[in-house]
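> Residue-level listing of the chains:
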Amino acid sequence: MTSIAEALLVIGWFVLGYYLLVNGMYLTVHIAALFELRSDLKRQAAGTMYQRFSSPFFPGVTVVVPAYNEEAVIVESVQSLLNLNYPELEIVVVNDGSDDETLSRLRSAFDLHPIDADVPFEIPSEPIEAVYRSEDAPGLRVVDKENGGRADAVNAGIWLAEQPLFCTIDADSIIDRDGLLQAVEPFLERPEETVATGGTIRVANGCTIENGTIKSVNLPDNRLAGLQTMEYLRAFYSGRLGLDRLNALMLISGAFGVFRTDLVREVGGYETESITEDFELTLRLHRYLREQDRAYNVEFVPEPVVWTEVPESPATFSRQRRRWYRGLLDTMARHRKMIGRRRYGSPGVFGYPAFLLAEVLGPLVEGFGYVLVPLAFLIGAADASFVLLYFGLTVGFGVFLSWFGILSEVWSFRRYDRPKQVLRLLGYGILENFGFRQWKTLIAWRGLYEYLRGDTSWGEMQRSGFDSD
Amino acid sequence: MSNASAVSFETLSLIGVFITGLLAVVGTSTVARSVLSARRDNRLADVRPQVRQALLSRMEATDPGWEAWVGGLSGTERRVAEDLLEEYLHRIRGGDRESLQQLGYALGIGEKARRKLHEGDHLERRRALHWIARLDIDVTIETLEATCGGHPETRAAAARVLYEQDRANATEEGTELLLRGTGPLSVLGMDTLYQLNKLSPDLLFTRTKESYHEWSESRLIQVLRVIGTAGPASPDTPLDWIGFLFVSESPNVRVAAANALVGYGWHDGVRSAIEIEQVRTDDSPPVRQAVYQMLGSWDDEASVNALRNALRSESNTRAAIDAISALGERATSIPESELTPASSAARDWVLASTEPTRSETEQ
Chain H
1 MTSIAEALLV IGWFVLGYYL LVNGMYLTVH IAALFELRSD LKRQAAGTMY QRFSSPFFPG
61 VTVVVPAYNE EAVIVESVQS LLNLNYPELE IVVVNDGSDD ETLSRLRSAF DLHPIDADVP
121 FEIPSEPIEA VYRSEDAPGL RVVDKENGGR ADAVNAGIWL AEQPLFCTID ADSIIDRDGL
181 LQAVEPFLER PEETVATGGT IRVANGCTIE NGTIKSVNLP DNRLAGLQTM EYLRAFYSGR
241 LGLDRLNALM LISGAFGVFR TDLVREVGGY ETESITEDFE LTLRLHRYLR EQDRAYNVEF
301 VPEPVVWTEV PESPATFSRQ RRRWYRGLLD TMARHRKMIG RRRYGSPGVF GYPAFLLAEV
361 LGPLVEGFGY VLVPLAFLIG AADASFVLLY FGLTVGFGVF LSWFGILSEV WSFRRYDRPK
421 QVLRLLGYGI LENFGFRQWK TLIAWRGLYE YLRGDTSWGE MQRSGFDSD
Chain E
1 MSNASAVSFE TLSLIGVFIT GLLAVVGTST VARSVLSARR DNRLADVRPQ VRQALLSRME
61 ATDPGWEAWV GGLSGTERRV AEDLLEEYLH RIRGGDRESL QQLGYALGIG EKARRKLHEG
121 DHLERRRALH WIARLDIDVT IETLEATCGG HPETRAAAAR VLYEQDRANA TEEGTELLLR
181 GTGPLSVLGM DTLYQLNKLS PDLLFTRTKE SYHEWSESRL IQVLRVIGTA GPASPDTPLD
241 WIGFLFVSES PNVRVAAANA LVGYGWHDGV RSAIEIEQVR TDDSPPVRQA VYQMLGSWDD
301 EASVNALRNA LRSESNTRAA IDAISALGER ATSIPESELT PASSAARDWV LASTEPTRSE
361 TEQ
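In order, the protein sequence lines correspond to chains H and E.
For the first sequence, position 433 matches number 433 in the working numbering, and the numbering has no gaps at all.
For the second sequence, position 151 matches number 151 in the working numbering, and the numbering has no gaps at all.
Read the hints as simulated data drawn from the structure, not as lab findings.
The reader is advised that the hints may include incorrect statements.
Claimed, not checked - Estimated spans, in silico, between C-beta atoms of each pair:
| hint | chain 1 | residue 1 | chain 2 | residue 2 | range |
| --- | --- | --- | --- | --- | --- |
| 1 | H | H113 | E | R33 | 50 to 56 Å |
| 2 | E | E145 | H | L21 | 38 to 44 Å |
| 3 | E | V262 | H | Y449 | 56 to 62 Å |
| 4 | H | D40 | E | G181 | 34 to 40 Å |
| 5 | H | G435 | E | E119 | 52 to 58 Å |
| 6 | E | V262 | H | S54 | 19 to 25 Å |
| 7 | H | F121 | E | G181 | 37 to 43 Å |
| 8 | H | D293 | E | K112 | 45 to 51 Å |
| 9 | E | G181 | H | E135 | 47 to 53 Å |
| 10 | E | S234 | H | E88 | 44 to 50 Å |
Unchecked claim - Straight-line distance between alpha carbons at most 20 Å, and here's what the computed SDA-like set of lysine to any residue pairs gives:
| hint | chain 1 | residue 1 | chain 2 | residue 2 |
| --- | --- | --- | --- | --- |
| 11 | E | K198 | E | E164 |
| 12 | H | K420 | H | F121 |
| 13 | H | K420 | E | D41 |
| 14 | E | K116 | H | G47 |
| 15 | E | K112 | H | G47 |
For glycine and all other residues, C-beta sits at the position ideal for the given N, C-alpha and C.
Here chain E stands alone, though its shape is the one from the complex (with noise of 0.2 Å):
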């Protein structure tokens, strides 16, 4: 027998006894953590009904009593009832939401989402904000700035706090707060942003304008995307600045301001602010792409002339297919002789995709 292969026996115990503790760590935790949370989910199960009913009941009546409520129910209800104060909250409106603010404040949420705002780690003050917003509670701004501002994620839950609670200057106040940095936007601080500014992104122009040199290009084409969806900007505002967007070395960039701009053509800033000959032949199809379905949306003889003179000279099929949707019926009416091969085969595809199926024939 060898003495190269032999352990020693203590060498041995030690790691048998190391690997058994391991896995005997690993295991229990297993078993209790799933123990418990089974045990958990079924106490909640159990209690759901009745609270669900107490709560309803009491939410329609004049005085709720939410405090004498709350100080009788057990651990267990009480965290029925946030889960179900959370869930309602979300989606009621009007005098029953305000009762159930008030069930709020009597479970505690409200202070405690006050001291979380304070003394909570980033993700602790977000889940603060969102219970601050759901109860309205009043927090002023400065706490908000103070308390939210080192952080975009809390920066994005500050700027949802001001627009749920509608309050004044919220779209300012908020979009400050929200575009402050240079990085990229939450999901959520970009559907902020999208809420705060819908009715008009004059405010979002501005702001454009003085920062998109510094801004990550994400955060760049985040902000065209809002402002593309929201609603239209004043015609006054001075838009003359708009065409550097095309000539950013980004497609991505070119591509999101020609998208941003599909409901400007009738804006006069824009219109003297963009070379459309120059927009069209761009380099990059993509980009092209989206040029032709802005010109489609403009819709006026200069755009119409510029689709047709782009099936004239399109090489990517992919293209042509757009600025041919872009020109809907106009296009049938371009001899074949002066389309490309790309355009050419594009319009015989998208006549036939379109083409109405039966039951809108029927119909």
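Chain H extracted, bound-state conformation (with noise of 0.2 Å):
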């Protein structure tokens, strides 16, 4: 043999020890979610003893929606905040320098009128044009600024917002009813150390939705959003669920999550040069905490859930999921100081060196065995049952950590509740194996060169509206 060839194949047995290296990883996140979701269920199945919504106790929540060429949903978008299940609950949009109609059509659908007079703080975002305050609804705020990015638009909600904690949600999610009432539950339960919340994401792509509100459960027709309906239940019920059981949660998505007010301005609010900015602050919190040894608990609740248009278009899909790996970088060097050092508690011992090897190196290595290995075979470094042994382990291990995923939906929450949903899913834990998710190795390394290359474009997703169904 060859050394180019004894080369290839110890790289061969490289990438087939990281895959099963990082499986293993994910097996042990699933397995503790497993219990997690036991523990949830079961008290759950205990039963409520008093009525939440009439509960004098809940926090105010101000839920900040940024909201950039959003004229499709925004007016619903609101519409649908209004009517949330929360006793005292403030609305602030934050109209991003739009082009299109998004100011003037929240202008006329709630009777907007500017506040006379300056903005009396300083905010750490672009300039504020104006602030606007609604005839119609009493709870509803809309901040008029010059483009700045998601970010930039959320800090100024933020500063602007005039209650204890803030829930982040973009235009185009629509949350349930009872969603914040769940969401806010640790901060009562634990009011001197809950500092942020996080629920779960689910794809709204074929659900039907009346009024800003899911009426039916439904998979997607498109089969790439199908997919991403997989991805979603086994990166929240899996995923999140098995990182918050182990302390050790690193992300609360920016599409739905709950802050104290007071702490995420006192880290400075987002970082507005970060494109996965709410994987930075998630970051930064765990570490500001950590270094100034205050004791604090950052909670995955998997019950309240967010409904969100994902991408239906490959290229569409291509560009979020570079963007989210790009951010993924970004950060992991930005944080680079947490990893396995003790003092950062789970985060830094487990969190930190989880999402390195899984999400951050997981996919390049996976992707370079892709070429690899068939090239190995090519060249006669490996023989068949190499070939075989790497291609039964990866389809066969993935196959297996989605269904895991998807058993975690049909033994608890349920809202994919017809066999028939349940065996599409299923055959899309199948299918990704299949060009999927060789298709986001690629993307991956696609990321990687932009990432290098300063890439930080954020790139749009077409809004469809929700009532397009």
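Taking the hints as your guide, dock the two standalone chains into a single complex.
Here it is in structure tokens:
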């Protein structure tokens, strides 16, 4: 065997070993998720002996909605938020310099009038043109500012928020009516420690939506959106839930998270230079609070659900995932100090290394394997048994982990309650191994290339509007 | 072909069997669970209208004959009857409720709840207490203590039973159960503590004075929130110790203390315990904000003067906004030259933000 062939084979074994290591880690997280899910379900089965909505202790929440060119969905989104079941609610919509009719639609729908005074404090965002209050909805304010990106818009909203907690939600997302009540409960149970909570995000494509609420839950017809539905189930009911059990929750999604307003202002708000500002903020909060030796709690609450529209075209999907990957690299690099250090507790000792191995390096190594193993076979460095082992393990474990996520769904909250839907989801768990996963590794490599080139673009996602079904 | 890359047929087969086995177990469990759950849902949905109708019509009868009716129900119908019972007991009071409670006994829920209270784990006990409260099952305080005293969640549920069943001494015994230990209360615990003490927080003041130094900060904040939400304490309640809360190291505790005393401007004990000048110059802006709100609600000469003085020195705009809001109309009469820049900007903002809207003007 030539030295090149030998090298290829050694790398092939390394890739296979790496893959087993990462999947072993995933399996640990998934098993932890099952324990967490079991505890949650038992607690739920024990029943509620009080009425959430009539409890006088739920702290006020400001819902911050950043909106850039959201004319298709913004009015309905605000309407849906105004219908939320929550005792003390303020909604701050931040129009981030939209080029379309976002602001004018809001103005006419909610009879907005500008507040005739300068904002009295400095806001770490692009200049604010005006702050409006509504004639029709007393809890609604709209901030009109120059374009600065999502993080910049959310910061403006946070600085203008008047409630002790704030919640970020994207304009294209729909929150369950009781979602906020559930997401805020940890702040009541541990008022001194709880600093952030996050809920589950599910795919809205295919669902029937009326008046800003989900009327029936369906799987999307579009295959790409269907694959993402299965991915989201795996990510939330296995990934986040398991990391929460291990006290290493690394991400509160920007699409639905509740935070202490004063604390986020204290750490300077969202990082406007980051393109995955939600991940960056979660890590910064961990780091900041650990460095100050403050006892704190960041919690994932599985039942409150936010429904969001996912990309249906390959180009948009690729753009979104490349941005996520670049943001992941950027955030991990910013907070590299955390890796393996006991000072940063579980997030440093387990969460960060797990993210590095599985989310950052995992897709790169996997993609490398897809090229290298067939090449090794072609030049005779590896025989058919090795190729079979490699693809058997990657596909087999991939399907297993996906199905585990679907089992969690079927065992617990059952939003997809028809067996046909479950069969389709299981089918997606198989299908993703034949093209979709390989494509995602290519996207990761391209994301890496863009990151190294210094690309910080966001890309756009075309909204179709909620009532398109 | 390389030997180093060769994997024996046996090894490959073993791995293949292992993975296929795993997939078969997970896949079959998922599909089976889904099919069984869907079939159960359909069966429940099919019988629900009839069971509901039969239940409602019997509920209004003088003698509902629950035992006989339950005896003729299938397993699915019994399950629906239990669900409906839980739903109605949540909403219905009076004579109909008593009738429904008899249905609970006929369904065997009472007996099962008593059994689970003694034998179950803490979540099963909580579920049992849920039914004990709903069905008004008589369980002695000694039994509740013995079965539920060991876990904060069951203690909270036991205290809820005392409240829901309107027992004599519910306030004392329930508060005692809830405030055992030093850790934070559950949401149920906090709500129950409020329900038990909402007419008068005297007992909570007493317990706070005795134990605040032992409690976790979260527990202390929770109890202060309950105090602040409950009705006023009696004028004789000794509160001259309350000033200690404002020297807590935690700003959140100081905020909670100020919020709790919003309605106590009239209380001599509180007035003598709190050094207004000291608390209004707290280092922490959120504490000052809470103190300004407290002084605004006290609304006497000393408080108004303290708020006016605050605007002459306040450098934090958010705190100044609260001071302006607390002063209300009176803030407009303070000369601009006496205000700090933060207070001046805050005043403009508050006045513009609170101008009556067109619809308010028309009213």
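> Give a verdict on every hint.
Hints and how they fare:
1. Evaluation of the 50 to 56 Å hint for H113 (chain H) and R33 (chain E) yields a pass: the beta carbon distance comes to about 54 Å.
2. Restraint check, E145 (chain E) to L21 (chain H): a C-beta distance of roughly 51 Å breaks the suggested window 38 to 44 Å.
3. Between V262 (chain E) and Y449 (chain H), the C-beta spacing of about 59 Å keeps the proposed range 56 to 62 Å intact.
4. In this structure the supplied range 34 to 40 Å is violated for D40 (chain H) paired with G181 (chain E), their Cβ-Cβ distance being about 23 Å.
5. Checked against the hint of 52 to 58 Å, the pair G435 (chain H) and E119 (chain E) passes, with Cβ atoms roughly 54 Å apart.
6. The hint said 19 to 25 Å for the Cβ distance between V262 (chain E) and S54 (chain H), and at roughly 21 Å that hint holds.
7. Checking the proposed 37 to 43 Å range against F121 (chain H) and G181 (chain E) shows it holds: the Cβ atoms sit about 42 Å from each other.
8. In this structure the supplied range 45 to 51 Å holds for D293 (chain H) paired with K112 (chain E), their Cβ-Cβ distance being about 48 Å.
9. At roughly 50 Å, the beta carbons of G181 (chain E) and E135 (chain H) sit within the given window of 47 to 53 Å.
10. Between S234 (chain E) and E88 (chain H), the C-beta spacing of about 29 Å breaks the proposed range 44 to 50 Å.
11. For the proposed pair K198 (chain E) and E164 (chain E), the alpha carbon gap of about 14 Å is at most 20 Å, so the pair holds.
12. Using a Cα cut-off of 20 Å, the hinted pair K420 (chain H) and F121 (chain H) is violated, with the two alpha carbons roughly 55 Å apart.
13. Taking the CA atoms of K420 (chain H) and D41 (chain E), the gap is near 15 Å; set against the 20 Å cutoff, the hint holds.
14. A distance of roughly 15 Å separates the Cα atoms of K116 (chain E) and G47 (chain H); the hinted pair therefore holds under the 20 Å criterion.
15. Simply put, K112 (chain E) and G47 (chain H) have alpha-carbon atoms about 16 Å apart, close enough for the 20 Å limit, and the pair holds.
The structure fails hints 2, 4, 10 and 12 (numbered hints given earlier, in ascending order).
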